[in-house]
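Position chain B with the ligands relative to chain A; hints supplied.
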Amino acid sequence: MLKAKNRTGLVFFPAFDWAIDPTHPEREERLLYTQDQVTEEGVFDIDGIEEYKPDLITIDDIRRVHFCVPDEESVTTQSHLIGAGGATAIARAVMKKEIKNGFALVRPPGHHAMRVVHGGRGFCHINMEAVMVEYLRDNFDVKKVAIVDTDCHHGDGTNDIYWHDPDTLFISMHQDGRTLYPGSGFPEELGGPNAKGSNINIPLPPGTSTEGYLYVVRNTVLPILEEFKPDLIINSAGQDNHYTDPLTNMKFSAQGYSELTTLLKPDIAVLEGGYSIEGALPYVNLGIILAMAGIDYSRVVEPDYDPEKLKQSDFVTEKIKKVSDLVNRYFAQRQELREKAGKHGQLQERHREIFYDTDNIFERQKERVRICRECSGTVVIDSSASPGLHVLAVHIPRNACKDCIEIGYQAFETAAGKEKFKKVFLQDRSKGIYKVKSR
Amino acid sequence: MIIGLDVGGTHTDAVLLSSKGVEKQVKVPTDVSDLFNTVLSGLTGLLKDISPHEIKRIVLSTTLTTNAVVQKKVDPVGIIVSSGPGIDPEFFRTDDNYYPVSGSIDHRGREREPVNEMEIISAGKKLADAGVDYIGAIGKFSTRNPSHEIQIKEILKDKFKKIFMGHQVSGNLNFPRRIATTHLNAAVYSMHKSFFNAVEKSLKEKGLNVPIQILKADGGTMNLESSMEFPGQTILSGPAASVMGSIAYAPEKKDTVVFDIGGTTTDISIFINKVPLLEPVGIQRGKYKSLIRSLKTYSKGLGGDSRVKVVDDNLMIGPERMGPAMAFGGKVPTPTDAMVVLGIMDQGDKKMAMQGIDAIAEELGVSTMKAAKNIFHQACSMILTEAFEMVDHINHKPVYTVHEFLQGYKIKPEKILLLGGPARYCAGEIEDLSGIETQVVPCSSVANAIGAAAARTTCEVSLLVDTEQGFAVSPEENFKASVPKDYSEEDVRKTALSLLKTKAIESGSDPDNIEVETIEFQKFNIVRNFVPKGKIFKTKIQVMPGLIRRFHNICGQSSGKDNIKGEKKK
Ligand SMILES: [Zn+2]
Ligand SMILES: [Zn+2]
Chain A
433 MLKAKNRTGL
443 VFFPAFDWAI
453 DPTHPEREER
463 LLYTQDQVTE
473 EGVFDIDGIE
483 EYKPDLITID
493 DIRRVHFCVP
503 DEESVTTQSH
513 LIGAGGATAI
523 ARAVMKKEIK
533 NGFALVRPPG
543 HHAMRVVHGG
553 RGFCHINMEA
563 VMVEYLRDNF
573 DVKKVAIVDT
583 DCHHGDGTND
593 IYWHDPDTLF
603 ISMHQDGRTL
613 YPGSGFPEEL
623 GGPNAKGSNI
633 NIPLPPGTST
643 EGYLYVVRNT
653 VLPILEEFKP
663 DLIINSAGQD
673 NHYTDPLTNM
683 KFSAQGYSEL
693 TTLLKPDIAV
703 LEGGYSIEGA
713 LPYVNLGIIL
723 AMAGIDYSRV
733 VEPDYDPEKL
743 KQSDFVTEKI
753 KKVSDLVNRY
763 FAQRQELREK
773 AGKHGQLQER
783 HREIFYDTDN
793 IFERQKERVR
803 ICRECSGTVV
813 IDSSASPGLH
823 VLAVHIPRNA
833 CKDCIEIGYQ
843 AFETAAGKEK
853 FKKVFLQDRS
863 KGIYKVKSR
Chain B
3 MIIGLDVGGT
13 HTDAVLLSSK
23 GVEKQVKVPT
33 DVSDLFNTVL
43 SGLTGLLKDI
53 SPHEIKRIVL
63 STTLTTNAVV
73 QKKVDPVGII
83 VSSGPGIDPE
93 FFRTDDNYYP
103 VSGSIDHRGR
113 EREPVNEMEI
123 ISAGKKLADA
133 GVDYIGAIGK
143 FSTRNPSHEI
153 QIKEILKDKF
163 KKIFMGHQVS
173 GNLNFPRRIA
183 TTHLNAAVYS
193 MHKSFFNAVE
203 KSLKEKGLNV
213 PIQILKADGG
223 TMNLESSMEF
233 PGQTILSGPA
243 ASVMGSIAYA
253 PEKKDTVVFD
263 IGGTTTDISI
273 FINKVPLLEP
283 VGIQRGKYKS
293 LIRSLKTYSK
303 GLGGDSRVKV
313 VDDNLMIGPE
323 RMGPAMAFGG
333 KVPTPTDAMV
343 VLGIMDQGDK
353 KMAMQGIDAI
363 AEELGVSTMK
373 AAKNIFHQAC
383 SMILTEAFEM
393 VDHINHKPVY
403 TVHEFLQGYK
413 IKPEKILLLG
423 GPARYCAGEI
433 EDLSGIETQV
443 VPCSSVANAI
453 GAAAARTTCE
463 VSLLVDTEQG
473 FAVSPEENFK
483 ASVPKDYSEE
493 DVRKTALSLL
503 KTKAIESGSD
513 PDNIEVETIE
523 FQKFNIVRNF
533 VPKGKIFKTK
543 IQVMPGLIRR
553 FHNICGQSSG
563 KDNIKGEKKK
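Line order of the protein sequences matches chains A and B.
At position 146 of the first sequence (counting the first as 1) the number is 578 in the numbering used here, and the numbers step up by one without a gap.
At position 144 of the second sequence (counting the first as 1) the number is 146 in the numbering used here, and the numbers step up by one without a gap.
Think of the hints as simulated: they come from the structure by calculation, not from any bench.
Be careful, since some hints might not be right.
Incomplete in silico selection of chain A near chain B, CB under 10 Å [unchecked claim]:
(1) Met433
(2) Pro446
(3) Ala447
(4) Leu464
(5) Pro486
(6) Asn571
(7) Ala686
(8) Glu710
(9) Leu722
(10) Ser730
(11) Arg731
(12) Val732
(13) Glu734
For every residue, glycine included, the Cβ atom is placed at its ideal position computed from N, Cα and C.
Same shape as in the complex, but just chain B:
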């Protein structure tokens, strides 16, 4: 049996899955000030009367990192960057503990200017004097040649508790994001470490010796050890958990849109043939941009508890939430109240809901029922519009080859999956409005925990081969090898695959269950003065996010009883 636990903003869900389906589920309130006890009480509830030996896997998805960042409860971090020519690195300053130093690596990974040891020692001294324990060393093009970052670490290694290097976060190019991501890792490291060590210790005391897996933003998992080098990857794993929990209901060879409708927001994501779409570079939330692999989710400030008001004779829904719906003791009308008034939702205080919608009706000059209908209709069409804009945006993403331009795959959703509290009440309206088959994900309330439990271990490897300079390099994997002039396309693919397999197994993958996908493969002839000098190969391959094999259809099996199809109503 396997366990999945997802810490949400208000509740924490935990499930115990066997190959037959959900054996047990537990919901406990989340205590934001004490996540450790929240996690522990969830697990304790689940493990009651279960022999620890039966548990083969535990996956945790927590809001630890997210909360720490939001509440600014993170460690101070020192950053040393060596940028070379280009945009002034001052633009990427994190705070006072930020030191640009000399040194330059070019786009082909060649050193153009060495680092200056004295300068680094002096920056290190200032950082140590400022009381910083954790630092990041980031170089431009360090994913092509990490030697400057390694030198900085060597020079300063005795001065700090831990030094994070930029080239280890991702094979992707993007210097500003590399700085931000390295900074995040260093900032949450000590908190992440003490939290999970404590969890592991308590589980051991309960007789549970299986290694803990942690859910990442890309909907995959990693083991505790891997997470220590890159704790930032656990940020925003919550939306990923829910998305993974709905995979079983996504049709094969078709595109699916998933709505996770909450109280404040609706998260939108997309599956293509049962595989969730990833952000091409990394997580972005507003101005914050990183190299953290993540599912492509779009969050719209519209949920069951969004505030409804009238502005210039028009209905406005969201983005702010002022508390619960009036039917549940809140102070302002919400889409939930509209659903209660319409009788779609048979819960809460209908009188209070009526009162709220009445006020809106009066302002609009229509009947209460008409106002409720309009609110409900508008809320559903707003999230649909958002989803189609997201699809449109993805479909218009620029491509860089004639082939891709002409062949351009266009996403065309043929199914909608709904998750979250209000989901079951909206299914009919959403199906009517969109004309697309709509289904509420069964066990929707614990789909997040199910998703966490059954998520596969994922990872990604980038490999650059330059036969003119005679090297193959994947700095994030600490890999550099000499290659001969005639190194072939097949050699490149083989090397990348073996790097990926090693990394996947080290991160906790089942060696027999590694599904590999090539994300990018490019080949260029290097020509100087009309003479071919060699080749450049660039490839990126990944273990796709998905469910571990034995649990592929797990959710499907437990779905019989509460499988709600969108019901047509006129």
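In isolation and in its complexed conformation, chain A is listed as follows:
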């Protein structure tokens, strides 16, 4: 009799009637073969595996995280709301201790969605993990959260949202940005002045195999988690590192994913990318589910798996060791780096250009954060998109100090009087307030 060692919750929402467009990788068929494999294996019959129905998240859930321009309805579809709702449903069940851990198998993905959303980027509109984490912080006793993004693409959306938050440790392992979309995620990208070292980026060379991934997990990810001591570990479980993925150049396998999951022990896993829908997803998803449930996965092997072909070169191994050590050094210096980043009360500015490949939008951002030793610091974002609007958005963090709150409201009022901003947003997380002024 098959019994799960850990009570594991699953949300399975393949959105069989939703696609970006008919031949897009993010289309109806994407989880079809996964559904077939998981159903044929009788996974939902296993004692200890519970299937949950996703929530439909609300506008208020989105407003804890994003500034949607011009508004939430324009940049999301029902499938986004249900996908993120899959994550919140699992998270709630974990917090209520109905389950030990859970996996939301939903689509479309979300980890490229940043704090300001003018449209779709990398098939993402709403950041599911961030919506889930902020939902948890408002409804349960959760403070420190670690998000480990194992998708092959840099999780630049999640990285952006938590750039200034020292209570959220974001770790992304991905194919080197010089060789893959979105082109970011280098070890030096460690977070804003108030949160240096709570953003960890580990670029891996093309051709990294299971051996390389697991090396980084053991040598860097686990020790950092150990030190950070999160209340919750979340895995953005993208599956496009697989050796058959059409969009990437890595050599990861179903066995590798299962072992990674066993090592990482995530409380919640959320499916991100992965476009080898026949050759990888059915086996990888099955492996992750079994690993989370604590069930033997040793026979979950792709039919065409050939370990000889999937060996990584010595050159790749060397590169991985180097980057892993470098990241460890940065993490060890994080307090120093925060001290050096600037003085209390100073404003620090960064300029960025963001391209929305899915919706063909170009955005220019000027972001200012108040360096603060008492809170995570208020962030003011001046954003103009073409096509799109020129807006100003103010984010006041959950733990905001009196000064940061005051500065935030001032910035909001001042901008509201300026002709050039078509919309001005205020997201006051310390009081749970969201305001929009339009002209």
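Just chain B with the ligands now, with coordinates in the frame of chain A:
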């Protein structure tokens, strides 16, 4: 006229129905050790003074399979599984006679690894040496491509009396359940065969030549011939018989909850617009999970004879039954005793009932009448709670499309139907507690036999079309055809319908009375490297469970005299 016979745990009911209603009914005690004579004496009683030529249909619902499984009186079965990658097939081991072999078919029905003949011969030899006569061959994804199961059967066909193949039990995906279901079929086959052949022979001797129909767990029937390939489908047909017998009283276009209140348990089921709800995958009872189509029934360990006791100052009712109620010679107090004390039920030994409830009253520190009231009230609200939890559970079943998620049909019961011995006494209380119109099914005591007699022949067909690989396949129907690239949605529906009609008629359906319903229809574009390569269609259609046309309202007509509405009492 038609005959329905339902073998129950203690009694066997048989009815003779004409288009006017119940012509005759017979009740005989069930002899669990001799079901053959039980069935025969029921039929003999019914057929007295009736000309065999007037009988057009006979449907039997028996506990043969259920009993055999419970008493473990089944044949040893050998199982050979070929699983390919995934969960280790060792987890699904049935017993020592279980052999995983190589061979792999993937989710799209493509062979990824062939079977190994030597390995199969060697497993077959070990099974034959162990004295096994019946074996099952089950492959993962055999419903997509049964070739490995067929090869195993070919290789071993001379070594065993009969070989059952997994792909024939259902079009549904679920490898562990396919193993369990195939095992069950093989285990009860010889007993099923000899039993029904004997029944058929005795009926022929009585001049009855109509083909026997057998009731299945899904509330439909199949003929004897079809049952030989899949005898497991007869398991748990008893609850289905009662449910079918109450259909006539379920309102149209509304949801109805049916309670079959027995001595030990109460079975709960649901109608949506007069159609009973089915299990999505197959029967489950505790840890046993199968691919056998079945009505969705939930069994709660609470009935008229459930034991009542006091634990930490609280009333506990059920789940165990220690014998009959004290009013009928039992040793422990029961809800039936409470009803006798309250005067709701005017039967049995009231003194004994009083004595039982008294003991409970003393422990609770209340009057005897108060204790009886509490027991009665609590028993009725417990089964209602159970029913609403079941409805809630069904309403929260996950769905896989945005459309279904947003449109999600929610069951909202607007009528309650009651069956079984204690039913008539509980109707008022249940109506008061639930605020839902409650009715006791007329002829409630033989509703099961009526349900069996008038149940339609049902079946289900799954069809998978893959235009990239150029095939349409329904392995359970032995169907595989090549299709062109432009095979349309309409072609898929037509093919599925013709397969279903053929199957229904072969199983004994009246060709003019096949009500078809599409359970599932999905269409996917196959795209590789941004280029459309074809389409996948998945469909599942069924003949819905229901009553045969001429007998749609049969029960309604015979209902005039004892139609008991829930009576309000304060
Ligand atoms: Zn990705
Ligand atoms: Zn501050």
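A quick look at each hint next to the structure:
1. Nearest Cβ of chain B to the Cβ of Met433(A): about 7 Å, under the 10 Å cut. The hint holds.
2. With a cut of 10 Å, the hint placing Pro446(A) at the interface with chain B holds, because the nearest CB-to-CB distance is about 5 Å.
3. A least Cβ separation of about 6 Å between Ala447(A) and chain B falls short of the 10 Å threshold, and the interface hint therefore holds.
4. A distance limit of 10 Å between C-beta atoms decides the matter here; for Leu464(A) the minimum to chain B is near 6 Å, and the interface restraint holds.
5. Residue-level restraint check for Pro486(A) holds (minimum Cβ-Cβ distance to chain B is 7 Å; threshold 10 Å).
6. Nearest Cβ of chain B to the Cβ of Asn571(A): about 20 Å, over the 10 Å cut. The hint is violated.
7. Because the beta carbon of Ala686(A) sits about 8 Å from the nearest beta carbon in chain B, less than 10 Å, this interface hint is met.
8. For Glu710(A), the shortest C-beta to C-beta distance to chain B is roughly 7 Å, which falls under 10 Å, so the interface hint holds.
9. The beta carbon of Leu722(A) is positioned within 10 Å of a beta carbon in chain B (closest approach about 7 Å), and the interface hint is therefore held.
10. Because the beta carbon of Ser730(A) sits about 7 Å from the nearest beta carbon in chain B, less than 10 Å, this interface hint is met.
11. With 10 Å as the threshold, the beta carbon of Arg731(A) comes within range of chain B, its nearest partner Cβ sitting at about 5 Å, so the hint holds.
12. Here the hint on Val732(A) is kept, as its CB sits about 6 Å from the closest CB of chain B, short of 10 Å.
13. At about 7 Å, the closest approach between the beta carbon of Glu734(A) and any beta carbon in chain B falls short of 10 Å, and the interface hint on this residue holds.
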